[in-house]
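Chains as they are written, first to last, in my numbering: chain A, 1 to 364; chain B, 1 to 296.
Keep in mind that a hint or two might mislead.
As a list, the in silico EDC-like pairs of lysine to aspartate or glutamate whose alpha-carbon atoms are at most 20 Å apart [stated by the list, open to error]: (1) K190(B) x D35(A); (2) K190(B) x E135(A); (3) K190(B) x E144(A); (4) K199(B) x E170(A); (5) K199(B) x E144(A); (6) K100(A) x E60(A); (7) K199(B) x D139(A); (8) K292(B) x E144(A); (9) K205(B) x D76(A); (10) K292(B) x E108(A); (11) K190(B) x E108(A); (12) K190(B) x E170(A).
Covered by chain A, per the in silico footprint, the following chain B stretches (three or more residues, Cβ under 8 Å) [claimed, not checked]: (13) 180 to 191; (14) 194 to 201.
Simulated from the structure, these hints should not be mistaken for lab results.
For each residue, glycine too, the CB sits at the ideal point set by N, CA and C.
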Amino acid sequence: MKIVLEKLTKTFPGRGRKNPEDVTAVDDFSCEIPDGELIALLGPSGCGKSTTLNLLCGLESPTSGRILFGEEDITDLPPELRGVGMVFQNYALYPHLTVKQNILFPLENRKGKDRLSKEEMESRVMETARLVQIEELMDRRPKELSGGQQQRVAIARALVKMPRVLLLDEPLSNLDARLRLKTREEIRKIQKKTGITTVFVTHDQDEAMSISDRIAVMRLGVLMQMGRPQEVYDDPLNLFVAKFLGTPPINVFEGRVRDGKLYIGEEAVLPAEGLADQEVFAGIRPEGFILQEDGPLTCELNRVEIMGRDISVIASHPACAGQTLRAIIGAESKVDTASPAVRFALKPGKVLLFDRETEERIRF
Amino acid sequence: MNTNKKKAWLYLLPAALFLVCFLVYPLIDVFVYSVEEGYNFASQTYFGTGFYNFSYVLHDPYFLQAVKNTFILVIITVPLSTGLALLISVGLSSIRPLRDLFQTIYFLPYVTNTLAVGLVFMILFQKTEYTDGLVNLMLGWFGAGPVDFIDGPYWAKMFVLCFYTIWIVMPFKILVLTSALASVNQDYYKAARVDGTPKLRIFTKITLPMISPMIFYLVITGFIGAFKAYSDAVALFGTDLNAAGMNTIVGYVYDMLYGDSGGYPSYASAAAVLLFAIVLTITCINLLVSRKKVEY
């Protein structure tokens, strides 16, 4: 099911004397989610991504704007008529019901002609349980399950009513690191198998990049950029998106364009032809550094971290916005740790320039 | 016993001493009294030991009346007050405006003196030579004759006693249940909404099971409290409860000790032991049932 959001805005009224200001949680959000894709809503906490999910779900109604599933306008429909399945951050499994009863619950809510026969319900539940691989857990209660298992039960409960859209609110945040890797694969697999349009919310860019077809980066209620993960990573529209994506994060320098060259500190590090002279932010991805003895960028060497597959060089530079910068280079390179300085050449595609005032991307 | 354990016992000693002095010793003493026949306070003597005291108490029509009264009181007030409290708390938690005001109003009986409330109830219900009382006035509007609720027929007196008891115990229950309702995670309701769960089903399948531990707590303490009822009856019907036919088991125990017919600690102890046995049995049944029903 294709989802279209049109100028979606949600404003929460101010409360009491302490917080008289209205809060705009989602601001003029427009986007189109193609049928059958897995979309990540990504952003720091408080950026409005959960509110967006609640708007999609129908738990909140928008102040203005429209939501369409396919051609159907569902803006004013209550949640149960939208055909959405929702997985909550804490899973919200009913603790007094068994796994089976939990999954059965949405089906038992139906009345009249929508109600399935007992056998149909049974087979639907078993089918869904097989899909998420929890058949052997059906008679347990939620508290007797691990976090990952609870998560799968929650997904099964959302899927059992065959929703048009599946929504997941921070699906991995309650799991430990190892389980998180495994579970995200599983979510991807289930989504692929069912082909159901899925939107999930996360603040973890790693999670978003690794499994989604597209990511939508949000900040303060505004959609910053939406696109395929690699596109957004390689070609961010502004400094916020560039900083938010990538681990380790992008290194930001205060730089300057003069005479068609990019200067960091007093060193001309890269040609920047066709650009007017101006102050810029230069973002350099960690993998954009090349260790080179006569490289143009000179940094003070702090320490070297051996990761096995590659080496992190932690260095500092007076123009660097952060405390230190981190460069990732191949494990075969030799870093002279005794030397006080380290020199880098830069890969042109990995250096991104942003306007100093607006933080918008400057292409060159 | 190693030093650490000795230390632990030493630390427990002060509290344990008090408990033994003021709880364990009196408890045992009651049992001892209850089997000493013809015990006399003044001379501290008794004829012999045996179960005559129990036999006497169990054949005493006043005691049987008290048991009957107590059981009626328990059976009527505990379910009714808990049910009403649940209804009111659900109502309270689903309204937003004026909730605090209502909560305060519902809580007021809890902080009001029992005897003062009894007085007010008497004024409301009592029929005297000068006035029929407010309740009778209202009954009159519906064509029902005046009933003397305080000195009249048994059912009328029992009605007032139950009404009064429910009114007194409800605030605490409402307090407990509203906080129980508030502590149910809102996500369950959201999940239920997304799944299109009908309101009644949300209540029976989600809300009730979620707060069931609190409901059972209230039922158990309610049973115990109602079995120990005494001051309520005194507040309404005065101290001569036997004459009014409205005595309770605790009232009977008191009368046997200090009432007009008093001075019989052995009978009082026997009645107290019987009450203890009844409460113990009921509480055990309650716990067994709740273990089956309260599932998480």
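Okay, the hints, checked on the actual structure:
no. : hint              : verdict
1   : K190(B) x D35(A)  : violated, 26 Å
2   : K190(B) x E135(A) : violated, 26 Å
3   : K190(B) x E144(A) : violated, 23 Å
4   : K199(B) x E170(A) : violated, 28 Å
5   : K199(B) x E144(A) : violated, 29 Å
6   : K100(A) x E60(A)  : violated, 29 Å
7   : K199(B) x D139(A) : violated, 26 Å
8   : K292(B) x E144(A) : holds, 18 Å
9   : K205(B) x D76(A)  : violated, 28 Å
10  : K292(B) x E108(A) : violated, 24 Å
11  : K190(B) x E108(A) : holds, 17 Å
12  : K190(B) x E170(A) : holds, 16 Å
13  : 180 to 191        : holds (count 5)
14  : 194 to 201        : holds (count 6)
Going down the numbered hints, you'll see the structure goes against 1, 2, 3, 4, 5, 6, 7, 9 and 10, while the others check out.
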